[in-house]
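Enquirer: Chain by chain, the residues:
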Amino acid sequence: MEKSIKRYFPVFLGPTFLAFLIGFIAPFLMGIYLSFCDFRTVTDAKFNGVQNYVRAFQDGEFAHAFLFTALFTVTTLILINVIAFAVALVLTREIRGTNIFRTVFFMPNLIGGIVLGYVWQLIFNGLLSRYDLALKISARYGFWGLVILICWQQIGYMMIIYIAGLQSIPGDLNEAAEIDGANGWQRLWNVTIPNMMPSITICTFLTLTNGFKLFDQNLSLTAGEPMKQTEMLALNIFNTFYGRVGYQGVGQAKAVVFFVLVVALGLIQLKMTRSKEVQQ
Amino acid sequence: MKRKARGGWFATILFTIISIFYVAPLLIVLINSFKEALIKCVCGALRIFCHSFVAIS
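Line by line, the protein sequences are chains B and R.
Here our numbering = 1-based position in the first sequence + 37.
Going by our numbering, the residue at position 43 of the second sequence is 40; the numbering climbs one at a time, nothing skipped.
To be clear, the hints were calculated from the coordinates, so they are not data collected in a lab.
Where a beta carbon is used, it is the ideal one built from N, C-alpha and C, also for glycine.
One-sided excerpt, in silico: chain R residues whose CB lies under 8 Å from chain B:
no., residue
1, Ala8
2, Thr9
3, Phe12
4, Tyr19
5, Val20
6, Pro22
7, Leu23
8, Ile25
9, Val26
Starting from the given sequences, assemble the full structure and let the hints guide the process.
Expert: Take a look at the structure:
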């Protein structure tokens, strides 16, 4: 029975593989090819070697966007994971209303980034106007505004992953440590965190890649203002591609560099945290 | 096995307060959806930013 089904594997695999080829592999390869071309539309592309990459790396705004994005990602990675882990620890204990609190913390994930960006712009400007300030007059306000918005949005999501991880830790491990005389901190560092490493791997990977890929919140909250100082990598690529005529190839080259960067950082992070995972 | 939290009531009250603030931006979206789109600025000196205050004016 199983053998006769196995004979028909192309029938089951074929359509999905074809869709993957058309929808992902072909545009991806075409994108890499276009990054070496001068073009306005995909049909008038002319090969120009590594010129687009040279122009991309010479662009000071791209370098600034990279530094801004890296700083933003490190800040949000630490804040989101520490707060989400702490909230998950509290909400897996026997306190009243844990399910309601979990729902409330998860709710910001249900609304799109553009809407959230505009809502938070309204809130920040409302608060800052009391001191005759505004969100877009300083890169510092823009940076912390983005950090608050992303933390607010993503803490609930990471909290759910951490709660799932905490619930999968066998209770006897903690009980055994307690009988051996370990206090709360010792149990946290030596029992809970080592057993939580798979969840920590997933959450740090998600926050790292989400931080680098951030686009819609950046567009709606600050739009890169003042003077492109809060422009992140994805928005910089978008503005290069659509904002300047004749820079489509440079925008495409930046997108390829961006892809390589996110993949490399993601893999390094996965390798670093996976090596710390323990078997239960 | 669920571990009983010390000061359970304190945690509940604290998380209730945090939850109210946490959900406030979403409530703003909900409240604004019932408002008429009136372009009326009441923000005085900061007229340049009045587009941000349309919803609360």
